[in-house]
Every structure is written in structure tokens, then in C-alpha cells.
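Sequential numbering of the sequence shown, starting at 21, is according to the working numbering.
Derived from the structure by calculation, the hints contain no laboratory data.
Each hint should be verified, as a subset may be incorrect.
Quick list of in silico lysine-lysine cross-link-like pairs, DSBU-like style, CA-CA up to 30 Å [claimed, not checked]:
id, residue 1, residue 2
1, K106, K84
2, K63, K106
3, K84, K63
4, K95, K84
Just the calculated beta-carbon pair ranges, DEER-fashion [as the list claims (entries may be wrong)]:
id, residue 1, residue 2, range
5, T121, Q33, 38 to 46 Å
6, G28, S72, 18 to 26 Å
7, A94, T134, 15 to 23 Å
8, Q21, S104, 32 to 40 Å
9, Y78, Q33, 23 to 31 Å
Yeah, the Cβ is synthetic: ideal placement off N, Cα and C, and Gly gets one too.
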Amino acid sequence: QVQLVESGGGLVQAGGSLRLSCAASGMIFSIYHMGWYRQGPGKQRELVAHISSGGSTYYADSVKGRFTISRDNAKNTGYLQMNSLKPEDTAVYYCNIVQATSGDTYWGQGTQVTVSS
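Please take these sequences and the hints and turn them into a complete structure.
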């Protein structure tokens, strides 16, 4: 049974930092691409950052230079380091994985990030 558990969210002041973690179980994590998405109040879910099974990364323009996505396949865990946080980064952040060949996809339950001004 595949499970993704996010952690690391919370309340932080503008300019602060948080590191989100996504702990995966029930699959071979290394063969999955991983993405972090977020959904702010009244907004659609959007892709924030993505890391392929091979380690290639992508960032949305809104977070480029502030956020860093990474993965530790030995620990079956992905990360999103968020620096210089802004109030507009306030959202529920979700971890998503996609199997590179089959396309099977899984979501975590989400973790709330709130940035105060």
C-alpha cells in the first residue's frame, strides 16, 4: 500500500524558512518522479516544483531562487526547502509522485503553510 506523509508545515513570518518532507512507503521511491503542489485559499492547485527520478528539477517562476526541491532515495523521502517566504506562499502543500513508466500517481494528505506579513 503506497503512502505519502508530508510534514514540516507551520506558521512562519515573511522572510522565514520552512522545510517540507514527504516520506514515502510501499513502493520503490527511486523510480518515481516527485512534485510539490500547493493550493491557496480560493485558488486552483498549482505545481510548485518537480524532481524527476533522474534528479532533473523544475520550478514555477513564482518560487524560483527561493525554493529547492530534493530527494533522498535511500530514505524514501523528498524535500522542499522554502526560503524567503512570502504571504502569497500561504497554501496547503501536497506531495505527488508519478511512476515514470506506468504513470501511476499518488498524493499525500497535505500540510498547511501559513506565512504572516
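Hints, verified against the model:
no.	hint	in the structure
1	K106 with K84	holds (13 Å)
2	K63 with K106	holds (16 Å)
3	K84 with K63	holds (20 Å)
4	K95 with K84	holds (26 Å)
5	T121 with Q33: 38 to 46 Å	holds (43 Å)
6	G28 with S72: 18 to 26 Å	holds (22 Å)
7	A94 with T134: 15 to 23 Å	violated (32 Å)
8	Q21 with S104: 32 to 40 Å	holds (37 Å)
9	Y78 with Q33: 23 to 31 Å	holds (28 Å)
Hint 7 from the list above is the single one not met by this structure.
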